[in-house]
Structure formats: C-alpha cells, structure tokens
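Enquirer: The task is simple: from the sequences and hints, build the whole structure.
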Amino acid sequence: MNLSNEEKVGMFATMLRIRKFEEKLEELVLTGNISGFVHLYIGEEAVATGVCSALKISDYITSTHRGHGHLIAKGGKTDLMMAELFAKKTGYCKGKGGSMHIADLELGILGANGIVGAGPPIAVGAGLASKYKGNDNVSVSFFGDGASNQGTVHEALNLASIWKLPVIFVIENNCFAEFTHQADHQCCRLVSERAEGYRIPSVVVDGNDVLAVYEATQEAVKSAREGKGPTMIECNTYRIKGHYVGDPETYRSEEERASWQSADKDPILRFEKRLLDEDIADQNTLDSIRQEIQDEIEKAVEYAKESPAPDISELMKDVYA
Amino acid sequence: MNLSNEEKVGMFATMLRIRKFEEKLEELVLTGNISGFVHLYIGEEAVATGVCSALKISDYITSTHRGHGHLIAKGGKTDLMMAELFAKKTGYCKGKGGSMHIADLELGILGANGIVGAGPPIAVGAGLASKYKGNDNVSVSFFGDGASNQGTVHEALNLASIWKLPVIFVIENNCFAEFTHQADHQCCRLVSERAEGYRIPSVVVDGNDVLAVYEATQEAVKSAREGKGPTMIECNTYRIKGHYVGDPETYRSEEERASWQSADKDPILRFEKRLLDEDIADQNTLDSIRQEIQDEIEKAVEYAKESPAPDISELMKDVYA
Amino acid sequence: MATMKLAEAINQTIVLEMERDPDVLVLGIDNCAGGVLGVTGGLKDRFGENRVLDTPISEGGYLGAAVGAAAVGCRPVVELMFVDFIGVCMDQLFNQAAKMRYMFGGKVKIPLVLRAATGGGVGAAAQHSQSLEAWFMHIPGLKVVYPSTPYDAKGLLASAIQDDNPVVFLENKALYASEGEVPTEAYTIPIGKADIKREGSDVTVVATGQMVGKALMVAEKMASDGVSVEVLDPRSLLPLDEEAILTSVKKTQRLVIVHEEVAFAGSGAEIAAMVAEKAFDYLDAPIKRVAAPFCPVPFAAGLEAEYIPSENRIVEAIKAILE
Amino acid sequence: MATMKLAEAINQTIVLEMERDPDVLVLGIDNCAGGVLGVTGGLKDRFGENRVLDTPISEGGYLGAAVGAAAVGCRPVVELMFVDFIGVCMDQLFNQAAKMRYMFGGKVKIPLVLRAATGGGVGAAAQHSQSLEAWFMHIPGLKVVYPSTPYDAKGLLASAIQDDNPVVFLENKALYASEGEVPTEAYTIPIGKADIKREGSDVTVVATGQMVGKALMVAEKMASDGVSVEVLDPRSLLPLDEEAILTSVKKTQRLVIVHEEVAFAGSGAEIAAMVAEKAFDYLDAPIKRVAAPFCPVPFAAGLEAEYIPSENRIVEAIKAILE
Ligand SMILES: Cc1ncc(C[n+]2csc(CCOP(=O)(O)OP(=O)(O)O)c2C)c(N)n1
Ligand SMILES: Cc1ncc(C[n+]2csc(CCOP(=O)(O)OP(=O)(O)O)c2C)c(N)n1
Ligand SMILES: [Mg+2]
Ligand SMILES: [Mg+2]
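Order-wise, the sequence lines are chains C, Y, A and U. Just so you know, our numbering puts 6 at position 6 of the first sequence, and the rest follows in order with no gaps. Just so you know, our numbering puts 254 at position 254 of the second sequence, and the rest follows in order with no gaps. Just so you know, our numbering puts 133 at position 133 of the third sequence, and the rest follows in order with no gaps. Just so you know, our numbering puts 157 at position 157 of the fourth sequence, and the rest follows in order with no gaps.
Everything labelled a hint here was simulated from the structure, so no lab data went into it. Model, not experiment: these values are computed from the prediction. Just to be clear, a hint being listed does not mean it is correct.
To be verified - Here are the simulated EDC-like cross-link-like pairs (lysine to aspartate or glutamate), alpha carbons at most 16 Å apart as the crow flies:
#1 U:Lys109 <-> C:Asp136
#2 C:Lys228 <-> C:Asp136
#3 U:Lys319 <-> A:Glu277
#4 U:Lys221 <-> U:Asp281
#5 A:Lys107 <-> Y:Glu106
As the list claims (entries may be wrong) - One side only, chain Y facing chain C, incomplete, derived with CB under 7 Å:
#6 Asn149
#7 Gly151
#8 Glu155
#9 Asn158
#10 Gln186
#11 Cys187
#12 Cys188
#13 Glu193
#14 Arg194
#15 Arg270
Glycine included, every Cβ here is placed at the ideal spot set by N, Cα and C.
Expert: Written out as structure tokens, the structure reads:
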C-alpha cells in the first residue's frame with residue numbers, strides 16, 4: 001500500500017461524509033421533507049470509499065439502488081445530490097431522477113439504477129469502450145449479494161471474461177437482499193465462489209476495513225490497466241439500516257444489527273481508532289473534519305431547500321438528444 | 001449399472017431411431033419437402049438416449065431448438081413428429097408448432113423451445129410442482145454450451161439449488177453455439193465448472209458413450225427422488241451437422257468434423273461394436289432392428305405425407321383454454 | 001360486507017383461493033415477509049413455506065418456474081413487485097406462458113397469475129412508476145385485468161386464479177390504500193365484462209385504474225353544469241368488452257379515454273381505433289385521449305403531478321368535444 | 001446506382017458508417033461469421049475483431065454492454081437476430097437505453113442501434129416470426145425505424161447510426177432478398193419523414209414493412225377499376241410523421257392501415273386513434289385496420305398465409321369503406 005497519511009485521512013473524511021449524508025437523509029425522509037424510495041448505505045461506507053480511492057476521475061462506476069455512498073466516494077457533490085433528493089432543479093438530474101438515478105458522467109458515474117442487476121452489463125460496455133479506444137480507464141460495477149442471482153450479472157461476468165475487459169466487479173455482500181438473508185437466496189457461502197466458473201480471479205475482503213478494500217482494488221485496477229482483464233472483489237459487510245427508510249425490519253433481530261455497530265465492526269469507528277493508534281492523525285484533526293463535514297451537509301440541505309423546483313416546462317425536455 | 005441386455009439393445013434402437021429420423025429429415029428439408037428452421041441432433045444421440053433411459057414416463061423433460069432426439073428418447077412417436085414437421089393436422093401440435101415447439105405432456109415432454117435458455121426455468125417449475133405435490137417425478141432440462149451463458153440458466157440453477165428440487169441439468173456440450181466454438185463464448189473449459197457456485201453436484205461424462213450417460217443420470221435421478229436436490233451432468237459430444245439444415249459451415253474444418261464420425265467416436269458405431277464385442281446382441285438382431293427402424297421412419301413419412309394440412313378454421317383455435 | 005383496502009382485498013382473495021384449491025402456490029420476492037408492496041402478509045404463516053415461496057432476485061427464473069409448475073398442474077400466483085421489472089422476464093410471459101398452448105396444438109394449460117404494481121404518484125421515478133397495459137394487451141394467449149376498486153379486485157382476482165390461462169393482474173399503487181365495501185365471502189367477477197361506474201348520456205369516459213376515480217369526480221362536478229357523463233371501467237383490457245364500450249358510445253356519441261400510461265401506442269389507442277371502426281357512424285365528435293405525455297415518469301412531485309392525467313385535463317377533453 | 005438486396009443495402013451502410021466514424025462498433029451473435037441473418041458478412045475481415053464482436057448468447061448482457069459503450073462515446077450497432085428475442089433483454093432497452101437521458105437530467109446520450117429481423121412468411125413459427133413495433137413505439141426516448149425498400153433501408157440506417165438516441169431498426173425477413181435501386185454513395189433519409197409510395201385520391205393506405213409492397217400491388221390493380229389509392233409508408237413509427245398522414249387523409253377522407261403485427265393494440269391502433277382525434281371531421285368512413293388476427297404465428301404454411309395480411313384483405317377493406 002502506498003497511501004500517504006493525508007490520503008488515509010481523506011478516506012476517513014469520505015466515509016464520514018457518506019455517513020453524515022445518509023443520517024441526515026434518513027431524518028429528512030422521516031420528517032417528510034424528502035419522498036420516494038430511499039436506500040441508505042450506512043455501515044457499508046468502507047466499500048465505496050476503499051474502492052473509489054483506488055480510481056481515477058476518468059474511471060467509470062455503475063451503481064445501484066443504494067447508490068449515495070458510491071457517488072460520494074467517486075467525487076459526487078453532496079449539494080447537487082441533496083438537491084436531487086429534494087427534487088430540485090439544481091439537483092444532479094434537475095429533479096427528474098431522484099435517489100435511484102443520480103449520475104455524473106464527468107466523474108465517470110454512469111448512474112445509480114432502479115433495476116437490480118442492470119448495472120454490470122453497462123459497466124462491461126464502458127470497459128469495452130476503454131479497451132477499444134485504447135485508453136486505460138477501468139470500470140467498476142458495484143452490486144449486491146441479492147443482485148448476484150440476476151441473470152444479467154452472470155452474463156456480464158461472462159462477457160468481461162471472454163473479452164478480457166478492464167472491469168472490476170465489486171460485490172457488496174451486506175447479508176441481505178431486501179428482507180431475505182443471503183443464506184436464503186443462494187447456497188454458496190460467498191458470491192465470489194462463482195467467479196472461477198468465469199475464470200475471473202477473485203478476492204474476498206473485510207468490507208468494513210477500508211484499507212483492505214483499497215488494497216484489493218488497487219491490485220485489481222493494476223491488473224485491469226495492464227490488460228489482464230476483470231477481477232471480482234467480494235466485500236463482506238452489513239446493512240445497518242432497513243432496506244429502505246420505513247422498512248419495518250421484521251426479519252432480523254436488534255442484537256444482530258447492533259453487533260455490527262460495535263467499535264470493532266463499524267467501519268468508521270474502526271478506521272478512526274486506527275488513524276489515532278498509528279498516529280496518522282490526532283483527535284483534533286479528525287474532530288475538525290467531522291465538523292467540516294457536518295457543515296458541508298448542512299449547507300447541502302440549505303442549498304437544496306432554497307433551490308427552485310423544476311419548472312413544469314421541464315417535463316418534456318431531455319427525452320431525446 | 002443394472003441394465004439387461006434387452007434394455008441395452010433398446011437403447012441402441014433408440015439412438016438409431018434418432019439418427020434415421022434426422023437423416024431422413026435432412027433429406028426432406030434439402031429436397032424442399034419440409035420448411036422452417038430445422039436443427040439436427042446427429043452425433044449427439046447418446047446424450048438424449050442415455051438420459052431418458054433412466055427416466056420414467058411421468059418424469060419431465062424440457063428440450064431445446066435441437067429437440068428431436070430428446071423427444072424420441074422420451075418416447076415421442078416418430079409419425080406424429082414427422083407429421084408435425086410436415087405441418088400436418090395429425091402432427092403433435094396440429095401443424096401449428098413445427099420443429100421448435102413439439103411437446104407431449106402425456107410423456108412428460110414440456111416442449112422443445114425456440115428461445116435459448118427458456119427451458120431450464122420451466123424444468124425447475126415442474127420440479128417445484130413435484131416436490132410440492134409430493135410425487136417422485138424428476139425434471140430434466142437439456143441445454144447447450146451456448147445456452148449456459150444465458151441469464152435464465154444461471155437463475156434456474158440457483159432456484160433449483162436453494163429449493164433443493166428434483167431437477168437434473170443436462171449440458172450438451174457439443175463444441176458449438178451456432179457458428180461459435182465453445183472456447184470463444186466462455187472461458188471455462190467445461191460448463192459444469194460453474195456448478196459448484198450453486199453447490200450443485202456435477203459430473204462430466206463422455207457424451208458419446210450412452211452407458212456412461214445412463215449411469216450418471218441414474219445416479220442423479222436416485223439422488224433427486226430421494227430429495228437430495230439437483231445434479232448437473234455435462235455430456236461432451238459434437239454436433240456433426242451444421243447448426244441448421246442449410247448452414248454453410250464456414251467456421252470449421254472438414255477434418256475436425258470427420259474426426260467425430262470415426263468408428264471410435266460416433267456414438268452409434270461405438271455402441272454397436274460394444275454390443276457385438278460383449279455378446280449382448282448379434283449382428284442379425286441389430287440388422288433387423290436397423291431394418292425395422294428404417295421401415296418405421298418410412299411409414300412416418302408416408303403418414304405425414306398422406307395426412308391433411310390443418311384447416312384454415314384451426315388458425316384461431318387453441319389460443320385460450 | 002366489510003370496508004377494506006384494495007391491498008387487503010387482494011390478500012383476502014389469495015387466502016380464499018389457497019384454501020379452496022391446494023394447487024394454488026404463491027411465489028415472489030420477500031413474500032414470506034409480506035412483500036415490499038405489503039400485499040402478501042400472513043400467507044406464509046398460514047400456508048407454510050412450501051406454498052408461499054420467497055424467490056431470489058431472478059424474475060426470468062421464477063416466472064419461468066411458475067410457467068413450468070402451471071404446465072404440470074399447479075396454479076401459481078406470482079408477484080413481480082413493480083410492473084417496470086417485466087423487462088427482465090418478458091420472454092417467459094409472452095413467448096412461453098402465453099404461446100405454449102397454441103404452439104403445442106392445444107395440449108397444455110397455463111393457469112398462472114402475474115400480479116404487478118402499476119402507476120405513479122408515489123415519487124418512485126422512471127423505473128418504478130410505469131403503466132404498461134398496452135404491451136400486455138398485444139399478447140395473444142394472455143388476459144389482462146386492471147381493477148379500480150377493492151370489490152372488483154377481489155372478484156376479478158378470484159376469476160384470474162381460477163382461469164386456465166395466464167393472467168396479468170395489475171394493481172394500481174395509488175389505489176392500494178383506497179377503501180371500499182367488499183363482501184366477506186368468496187365471489188367472482190367474470191373477466192371481460194366492463195362495468196358502468198356511472199350512467200350518463202352526453203359523453204362516454206372510458207377509464208382504468210386510478211383514472212376511474214378521477215373520472216367519477218369529474219362526472220360529479222360536471223353534472224352540476226348539466227353535463228351527463230357516463231363512466232365506463234373496462235376492468236379487463238384483454239379481453240376487452242367491446243360491446244359495452246360500443247353500446248355506451250352509440251348512446252352518448254362521444255368518447256373520451258383516460259389512462260395513466262403514455263398516450264402514444266397506449267391502451268387507449270386500441271379503444272379509440274376499435275370505436276373509430278365499429279361505431280364511426282354514431283360518433284359526433286373526435287375521440288379524445290387523456291393520458292400521460294410522451295416522456296419517462298419524472299421524480300419531482302410537481303412534474304409528476306403534471307405527468308399523471310388530472311381531473312382538469314379530463315374536464316377540458318370533455319368540454320372540447322361537447323362544443 | 002446499383003441494384004441490390006435489402007440485406008446488402010444494410011451491410012453496405014454499416015460498412016460506410018464504420019469507415020466514416022471510428023466510434024461505430026458492431027455486436028451480435030455470430031456476426032463474425034456473417035450472422036444467421038446473413039447481413040453482417042465481411043465486416044470482421046474488414047474491420048477486425050475489435051470492432052466486430054461475437055457475443056455469447058446473453059442478449060441482456062450484450063445489449064447492456066452496448067448501452068454502456070454508448071454512454072461513454074461509442075456508437076454500437078447491435079444485432080438482436082430475431083425481434084422475438086427482445087423478451088430476454090427488454091429491460092436494457094426500455095429502462096436503461098431509452099430512459100437514461102431523461103433520468104439523468106439530460107446529461108448523457110445513448111447513440112445505439114438495435115437491428116432486429118421482423119415478421120413472418122418463412123415458416124419459422126411463433127417464436128421467430130413476430131412483429132412487435134407497437135411495444136417499441138410505446139417507449140419514450142426511443143426511435144423506431146421500419147424500412148420497406150433497400151433505398152430507404154440504406155438512408156434510414158445511416159441516419160439511425162448517426163442519431164444520438166437509441167434506435168430500433170426493424171428488418172422485415174421477407175424483404176431481405178427483395179431488390180431495389182440504391183445509390184452507391186452514402187446518403188441519409190431523415191427519421192420521422194413518411195414517404196408517399198404512390199399518390200392517390202380516393203383512399204389512404206398506411207402500410208409498413210412487406211405490407212407496403214402488397215398495398216402497392218393492390219393500388220395498381222384497383223387503379224384499373226377506377227379506384228385511386230394513395231400508399232403512405234411512415235418508414236419510422238417513432239417519431240411518427242403525423243402531419244403526412246393527416247395531410248393524406250384530409251385529401252382522401254378515407255383510411256386503411258395495414259401491418260403485419262396483430263391488430264389488437266398494434267401500431268395501427270395508434271395511427272387510427274391519432275386520425276380519429278385530429279382529422280375526424282375529414283373522415284368519410286370508418287377507419288379500417290388490416291392486420292394479423294389475435295393468435296400466435298402458426299407454423300403450417302397454409303395457416304401462416306392466412307395469418308399474414310393478404311392483398312385480398314386489403315382490397316376488401318378498401319372496398320368496404322368506399323361503398
Ligand atoms: C429487477 C428488479 N427486481 C427486484 C427489485 C426490487 N429490489 C430492489 S433492491 C432489492 C434487493 C437488492 O439486494 P442486493 O443486491 O443484495 O443489494 P442491497 O439492497 O443489499 O444493497 C430488490 C429485490 C428491483 N429493483 N429490480
Ligand atoms: C434468446 C435466444 N438467443 C439466440 C437464439 C438463436 N440461437 C438458436 S440456437 C443458438 C445456439 C445454441 O447453442 P447451444 O445452446 O450450444 O445449443 P446447440 O445448438 O449447440 O445444440 C442460438 C444462438 C435463440 N433462439 N434464442
Ligand atoms: Mg445485499
Ligand atoms: Mg452447443
């Protein structure tokens with residue numbers, strides 16, 4: 001690993017930014033300020049952060065219905081995101097897309113997606129374009145344990161493999177697909193046990209250890225840029241919140257959930273401790289980062305609230321290029 | 001293996017019946033007597049025969065676009081099949097279905113299928129019904145190396161696995177998907193390398209050895225009937241004819257093809273020699289079987305030719321039950 | 001009689017049919033936990049995991065499994081969750097379920113119900129708010145049912161489950177919580193019979209889903225202006241009760257069609273075309289369609305409100321052809 | 001000018017566009033060997049395997065890959081083989097390709113062409129003979145092109161490849177071998193412009209695909225009986241050249257629509273509905289549709305011949321509204 005202290009602190013900030021964004025969002029949904037289906041990334045911050053820290057701006061990602069973490073980690077602006085969630089004209093999609101459809105092509109973000117399993121083929125296509133055009137961009141496709149049972153995911157793996165494309169499949173195994181435990185929707189213990197069937201090298205990491213995720217991704221990126229084809233990275237993590245804001249969560253115990261929020265499991269608490277223990281940063285620095293992020297999120301909310309809703313005349317625009 | 005000599009000779013007859021049916025069919029298509037897309041099973045007879053010899057009438061199969069062999073092996077009547085191929089009223093589907101849609105529910109044949117990869121989920125459903133109803137019927141899904149890349153196949157494997165259904169997935173790895181070599185459409189050497197990812201036990205057999213196929217199927221059937229869930233059987237074989245009758249076959253060499261027609265590779269020649277070598281049958285018996293089958297096929301053609309075409313009034317019938 | 005929500009009426013019907021017929025199975029994502037739509041609650045506890053199956057995310061696989069199970073004697077009731085997900089499993093519906101009987105020369109029956117939540121109004125954006133009736137109508141071998149009240153939902157779903165053909169059963173999201181009077185005992189409503197929700201003599205409004213309620217509000221309002229609006233709910237779009245529509249149009253001589261899907265190549269196009277052919281001589285005015293504009297469903301509430309046909313737009317359409 | 005088959009015109013256009021624009025890629029099953037449809041022959045030898053890709057059987061995967069490639073600057077031309085296969089990959093077309101631009105607030109372009117063989121007449125039965133124009137027309141964000149001559153095919157395909165939106169390009173199987181005069185140099189025909197294939201004054205026949213040729217034969221025959229038939233080929237169904245259709249109908253005051261897909265909820269329903277709304281006062285007779293009956297495509301030649309709209313049925317429809 002070749003990370004400077006500064007970079008590590010940056011990763012801490014990114015995770016915290018995701019956490020704070022999501023916590024604020026939950027509050028805003030519960031208080032009726034924001035509507036629609038909202039899926040929170042709380043507890044999984046180390047995955048998106050570790051992965052995207054190993055990417056360039058010109059690299060591509062495809063995201064999911066649970067996309068805020070990926071977007072923020074890839075450089076997405078919290079004010080534009082918040083404005084989109086508030087359905088405002090100033091939002092990433094002019095208020096037309098909402099939580100499940102945020103994209104920023106300039107940052108290589110090819111979109112969140114409301115259809116489970118639709119992202120991986122799209123990431124493969126971006127990888128195909130990179131290979132054809134001869135640039136060294138890689139594509140990362142984030143998807144869940146649940147998505148891994150969708151046919152399109154299988155197809156995408158096969159395509160990336162036969163075409164030896166610079167694509168990295170990042171499995172967020174967060175123990176659930178909606179209300180169903182991973183063990184109830186597939187018999188393999190790990191999704192990545194399926195990788196060998198496509199001759200795709202795979203690695204399993206502690207998805208709550210941001211540096212482990214980073215390291216695995218860095219390897220995969222190197223291999224992809226060198227033309228060695230795809231890699232699968234399975235990140236073991238846990239979805240702390242319900243499937244969506246409002247989920248009654250009848251299908252799991254409070255204890256199970258709480259166990260993942262402990263200081264030695266929560267990805268942010270863990271990393272904070274490490275930064276302090278290894279003298280990479282002092283508490284003051286981290287606290288001021290915390291404050292900055294808090295402010296940033298507050299400002300994002302303010303920006304969103306003050307922004308105008310899209311004009312009715314927007315309805316029929318952007319259908320065709 | 002618990003096969004009587006008679007049963008072995010019966011398997012020889014079944015393989016021969018398929019071969020002769022297909023050879024006749026090819027001739028009929030090339031002479032313009034039969035139209036539509038026709039995919040021949042020549043060279044792969046040991047697969048359907050070995051598998052179906054291990055099944056009861058009440059067991060189910062789903063077939064493919066290359067279905068004639070499966071149908072005959074499961075007990076399908078050559079006259080009704082031929083009449084269907086001639087698009088006659090007396091055919092299996094009253095002339096409405098043609099080669100890719102022949103079914104015989106009474107024989108457990110849930111249909112050939114024009115959509116690659118559509119059969120496996122249907123077989124899973126039949127298996128689900130068997131399990132739910134508590135009978136001991138098993139379902140066999142035949143599909144090709146090419147089909148194995150289709151998303152629905154992946155989904156079917158996962159479903160059969162989590163529900164522990166009495167389903168047997170029979171992969172006919174005949175080296176081609178249309179004009180594309182297996183090595184060019186997937187990186188795994190064998191399709192069944194993917195089975196472990198679903199925790200489905202798998203076995204690879206010489207698909208041109210009818211007894212090997214039978215044996216593997218018998219094991220799988222036993223396991224399925226005992227409630228132990230699905231098995232995958234990969235049968236290595238070779239498609240002797242073009243993808244369809246009329247295929248210019250620009251993609252393979254004459255030598256490659258011819259090598260699979262040699263006495264030690266052709267499934268029928270091989271089995272014939274074995275029957276003789278092991279004194280299971282004498283040449284006379286086999287020759288008279290050959291003659292009987294020849295006659296049966298001729299009669300089937302006659303029956304088909306003499307049968308009436310469906311009346312125009314049939315057009316709108318059978319749309320709804 | 002009991003007052004109940006549309007979602008409850010559907011749940012109750014599934015329970016009644018499962019009790020009546022042991023061949024009825026339920027499949028869908030998270031159905032055991034009651035489903036994301038909140039319709040299948042309690043089924044697992046009552047009927048067990050052998051009859052109420054949770055499916056992995058693989059719609060093509062589990063819809064196909066339902067087709068296979070139906071072909072050999074079960075009656076699966078499948079939840080697709082959002083109708084928008086049909087794109088990953090359309091093949092099993094239109095090439096398999098709907099065509100098998102014909103392709104096999106009449107030798108199989110596929111008694112299968114595919115339930116799907118339809119329509120907008122909940123801020124769910126472009127991939128969770130669509131209405132796709134017209135696609136299903138275009139599939140020979142299929143039936144398409146679309147109730148607008150809890151009463152109709154119960155009777156029609158019972159018919160759908162008892163039907164020997166594949167049936168797409170559309171549930172309007174905005175109506176799940178709408179209430180109505182529903183008999184507690186089992187009953188059926190025949191598929192293919194329209195219902196005149198309000199009689200009138202000046203103009204026929206054919207409406208589906210949540211548009212029925214809007215049309216009724218409009219009829220109520222316009223009655224005080226002396227305009228008599230007949231509101232006809234086809235209840236099933238395939239088969240379509242052409243006779244009922246033609247009878248109404250022959251009486252009123254004016255037709256407005258209201259639906260939530262986009263107008264272009266939507267279900268209303270078929271209704272308009274049918275009337276323009278079969279009741280042309282009775283028509284006194286152009287046939288108007290009130291439907292969604294030709295764009296994906298937007299997220300922003302203001303835009304979505306503009307997108308979904310409003311009472312105002314219905315009034316305008318009626319006025320335009322009454323002039 | 002050269003005489004060439006429709007299949008050749010398509011092949012030639014792909015070659016010209018690939019030469020013109022290095023971003024054009026070709027994807028599809030067995031395209032390297034020329035494809036089962038026989039349209040992509042020679043492309044691999046000319047442009048190499050990096051630009052002409054053979055895809056495994058995984059339509060959702062490779063159509064999705066085309067969407068991704070298009071989003072980042074390529075112009076994929078994808079062969080679906082038979083349009084009937086759309087059921088396994090519809091999601092990538094209607095929820096991704098067609099909606100991404102809108103959902104993303106205008107921030108992406110998806111220049112992608114999906115070529116698919118359409119229609120019956122070759123004894124390919126229910127899963128290889130369908131016409132599904134109406135489904136594609138119902139998708140905002142998409143364009144749908146359907147040429148009836150080699151000349152139109154070449155100009156329209158060039159436009160489709162150059163278009164910044166996803167375009168479904170339908171190729172009628174029965175027309176692949178049909179010949180016509182085609183300029184050897186590159187040219188485009190704008191998408192959305194109908195073409196009057198024959199002028200007439202008594203009745204407008206709107207026809208698509210192989211029905212255009214049949215309508216022209218009918219027009220020729222009926223001319224000798226003193227009936228003047230105008231034959232209008234929309235050439236693209238989305239956008240639909242409503243103006244051209246309305247202009248023609250306002251002139252002839254009679255409309256017959258002929259297409260190969262089933263009538264119910266088919267493309268003709270939209271055309272009829274549009275005219276019944278916008279040119280009602282000009283119409284002198286009911287609008288007739290001549291289309292396939294409501295059943296899957298049968299295998300038997302005799303049944304299939306009855307299934308596909310015939311010249312006779314067109315004549316009858318015209319006569320019925322001329323009386
Ligand atoms: C094709 C499709 N099927 C079903 C859904 C409904 N759905 C949304 S999220 C989800 C669960 C996804 O689970 P997983 O992939 O593990 O991601 P996670 O939510 O755990 O992040 C489901 C079933 C959908 N959006 N699209
Ligand atoms: C969904 C779908 N895609 C493509 C096709 C066209 N097609 C028919 S057979 C075939 C090849 C099948 O290969 P394989 O599964 O290996 O079976 P084989 O023909 O070798 O028996 C293809 C691509 C189809 N019928 N359905
Ligand atoms: Mg998950
Ligand atoms: Mg094969």
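Enquirer: Are the hints correct? Go through all of them and say.
Expert: Now for the hints, and whether the structure bears them out:
1. U:Lys109 <-> C:Asp136: Cα-Cα ~22 Å, so violated.
2. C:Lys228 <-> C:Asp136: holds, 12 Å
3. U:Lys319 <-> A:Glu277: Holds, at roughly 14 Å.
4. U:Lys221 <-> U:Asp281: violated, 29 Å
5. A:Lys107 <-> Y:Glu106: holds, 9 Å
6. Asn149: holds, 5 Å
7. Gly151: Gly151 (chain Y) check passes; min Cβ-Cβ to chain C is 2 Å, inside 7 Å.
8. Glu155: holds, 5 Å
9. Asn158: It holds, given that the least Cβ distance between Asn158 (chain Y) and chain C is near 5 Å, below 7 Å.
10. Gln186: holds, 6 Å
11. Cys187: holds, 4 Å
12. Cys188: Result: holds, 6 Å to nearest chain C Cβ.
13. Glu193: holds, 5 Å
14. Arg194: It holds, given that the least Cβ distance between Arg194 (chain Y) and chain C is near 3 Å, below 7 Å.
15. Arg270: violated, 31 Å
Hints 1, 4 and 15 from the earlier list are contradicted by this structure; the remaining hints agree with it.
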